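Peer 1: In order, the protein sequences belong to chains E and A. Each residue of the first sequence is one higher than the last, beginning at 389 in the numbering used here. Each residue of the second sequence is one higher than the last, beginning at 15 in the numbering used here.
Warning: the hint list may mix true and false statements.
Stated by the list, open to error - Output of the computed footprint for chain E on chain A, the stretches with three or more beta carbons under 8 Å from beta carbons of chain E:
hint, stretch
1, 56 to 66
2, 107 to 119
What the hints assert, rightly or not - Pairs of lysine to aspartate or glutamate, DMTMM-like flavour, derived with a Cα cap of 20 Å:
hint, chain 1, residue 1, chain 2, residue 2
3, E, LYS444, A, ASP114
4, E, LYS487, E, ASP414
5, A, LYS69, A, GLU101
6, E, LYS487, A, ASP114
7, A, LYS55, A, ASP114
8, A, LYS34, A, ASP102
9, A, LYS28, A, GLU101
10, E, LYS424, E, ASP457
11, E, LYS455, E, GLU393
12, A, LYS55, E, GLU393
13, E, LYS458, E, ASP391
14, A, LYS69, A, ASP114
15, A, LYS55, E, ASP391
16, A, LYS55, E, GLU426
17, E, LYS456, E, GLU393
18, A, LYS55, A, ASP102
19, E, LYS455, A, GLU101
20, E, LYS444, E, GLU426
21, E, LYS424, E, GLU393
22, E, LYS456, A, GLU36
23, E, LYS424, E, ASP471
24, A, LYS80, A, ASP102
25, A, LYS34, A, ASP79
26, E, LYS458, E, GLU393
27, E, LYS424, E, GLU402
28, A, LYS28, A, ASP41
29, E, LYS456, E, GLU402
30, E, LYS487, E, GLU393
31, E, LYS424, A, GLU101
32, E, LYS487, A, GLU101
33, A, LYS55, A, ASP79
34, E, LYS444, A, GLU73
35, A, LYS55, E, GLU402
For the record, the hints were derived by calculation from the structure and aren't laboratory data. As the structure is a prediction and not an experimental result, all values here were calculated from the model. For each residue, glycine too, the CB sits at the ideal point set by N, CA and C.
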Amino acid sequence: GEDVEQSLFLSVREGDSSVINCTYTDSSSTYLYWYKQEPGAGLQLLTYIFSNMDMKQDQRLTVLLNKKDKHLSLRIADTQTGDSAIYFCAESIYGGYNKLIFGAGTRLAVHP
Amino acid sequence: GAVVSQHPSWVICKSGTSVKIECRSLDFQATTMFWYRQFPKQSLMLMATSNEGSKATYEQGVEKDKFLINHASLTLSTLTVTSAHPEDSSFYICSASSADTQYFGPGTRLTVL
C-alpha cells in the first residue's frame, strides 16, 4: 500500500544546514512534494520534484531523489529561526488532481 | 498567484448545530478541491475529493451525510459539518488543484462545545 515515512523531529543550530528525510513505498509515485506548516496555519508548498529527476534546487532549498531506494530529502542551507516549522513530505501518482499521501511531518527546531 | 482562502478561520459552536466552511481559489480555477482534517500534532487525513458540478468522493470511514460537500463553481467548495459534536472539533484544511500540485488554504479551526 501507500505509505510515506519521516523522522519526527530535527534540531539544528542557526546558520547550519538542515536535512529532512522521507521514504515512500509506492513506486508509481510521479510527483514528490515538500510542504511547510507553521503553527495554526495551512500548508505552504515549498517545492516538488518529478520522479524522473534526481535533484532540484531553489535558492536555499535542495531536493534529492533516490528513486531506487524511494528516498527523498530536503536540504535547507543557512537555516534561520524563521524556518522553524513542520515539514511534510507527500507523494502523488497523477499530480495535483490526485490525492496526496502525506508523511507524519518533521518538526524542525532552529536554535541560536 | 495560487492563493486559496478559507472562511471562517475559526469557529466555536454548540453541540448539535451545523457549521459551514468555505474554500475559495482566488486567482485560478480549480475543478478539483480536497478537504482534509488534521488532529493536533498529526498529519493531514484526506476526507473527500470535491469535483465541480458532481458529487464528492468520500474516503473510507468518512460519513457523507455528516460532512456535506458542495462544489458549485470553479472557485468555491463548501464543507458543512452537520449536527456537530465535540469529537468533530479539529482543524479543517482545504486544497485546490492545479495540474502539478495542490495549493492549501490557511485552515479552519472548529471547536464544538
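Peer 1: Of the numbered hints stated previously, which ones are contradicted by the structure, given in increasing order?
Peer 2: Hints 5, 7, 10, 14, 19, 20, 22, 28, 29, 31, 32, 33, 34, 35 not satisfied by this model.
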